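Novice: Chains as they are written, first to last, in my numbering: chain A, 117 to 269; chain B, 38 to 326.
A portion of the hints provided could be inaccurate.
Here are the simulated BS3-like cross-link-like pairs (lysine-lysine), alpha carbons at most 30 Å apart as the crow flies [as the list claims (entries may be wrong)]:
#1 B:K250 x A:K126
#2 B:K159 x B:K182
#3 A:K231 x A:K126
#4 A:K226 x A:K139
#5 A:K126 x B:K205
#6 B:K316 x B:K250
Source of the hints: derived by calculation from the structure; they are not laboratory data. Note that this is a predicted model, so its numbers are computed, not measured.
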Amino acid sequence: MESLEPILAKHAFFEGLDPAYLKLLVGCASNVRFDPGAYVIRQGEEARHFYLIRQGRIALETRAPQRPPIVIETLDEGDILGWSWLIPPYLWRFDARIVEPTRAIALDGKCLRMKCDDNHDLGYELLKRFAHIVTQRLQATRLQLLDIYAPHA
Amino acid sequence: MPPTLEQPGISQAASDPMCPEPYRVASVSRETHDTFTLSLEPARGVPAAGFEPGQFSMLYVFGVGELPISISGDPEQAGRLTYTVRSVGPATQALVSRATGDWLGVRGPFGTAWPLEAVRGKDVLIIAGGIGLAPLRPAIYHILKHRDDYVRLIVLYGARCPGDLLYKKELAAWGRSPDTQVLTTVDYGGMNWRGRVGVVTTLFRHLRMHPDKTVAFICGPEIMMRYVITELEENRGVLPSDIYLSIERNMKCAVGFCGHCQYGPYFICKDGPVFCYQKLRGLLGKHEL
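Construct the entire structure; sequences and hints are all you get.
Specialist: Quick look at the structure:
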């Protein structure tokens, strides 16, 4: 069976990470596959994992009354899905629906939190990487909110 | 130092740049619910104006008004000028309502062009937002016709929603060309949309770039261009001298007389619309400019 360590090492999220930390992380990792239409996460449910997308496309959605779900963003190969496992109360804030057949590595949030509590250097490394992603998504959301292509925008 | 942007159209229009030439509408095609592409042919006996990718013309709808519109057609297609116009007000509505055989007045072409000669041998990264793809399409045609002169061609294109994506068939065809990558996204996608959702800057996540070998051409809403430049400069390490953008302002005379399109020390019609970002660094995003 293929070890997940080289797959983690190749993923953009872990680029440049100390191999010793990768060895720690691989114990929390598992391979997952999803079919189109499936929901990987559901708003309000416990955030148990985050996902490194290896292939496919996932739509982040939110719900509003009397209208179809609103797609906020799609995530593709190389992207990360989910950081709610890191921040109390560890609940998902959005739905994530599979658009294209998707392969991913799931990392167990509770397992990671324990390792980060034991090894603060690892925790700091992960937090830096997540902070970068959160910042990028915040900037993108701000631009999206401006609705720059609207007539007379 | 960036290459000096030339104004190839000025000399052609210099005989009397204020006098429109009559052109006949040869075809009108609908691109989206509010955007149309018009092809114009000159009146019999008048040679069609040549142009360089990135230049614009002043299109005169008789009795309604005159508008600056970027040329969106193939620069090597002789005898015809093509424009993609979004209807956003009375004058643009009148323009897109022209039928085949109707007459328009055309001045130009005017302004600076994308520096396609100067960037030979490089990766060309084209980033367009909304109707900003139209002024870049002639540059894409040129690169695809002179493929050996450039290394990779990457097109990043963002629109408001799937129905607003321009030139859908061409985007797909360009993406099948050798060493060419075309990535599209929309800000708002419905449940049936299987493409990407997210602003155009999110497409950078899917790129492997060589910043020292890459030149970027950008056209879209100014705030989008600012976000794109931040991504290119701060996160990707592309030099300001390798970034070019097309700026839009209220152009009237198109030859630098009237001052309507003044932008700091520049007139967009004469010194632009295509600028090297190095020139605009202190101006872009400046309050009330």
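Novice: Can you list which hints this structure breaks, lowest number first?
Specialist: 5
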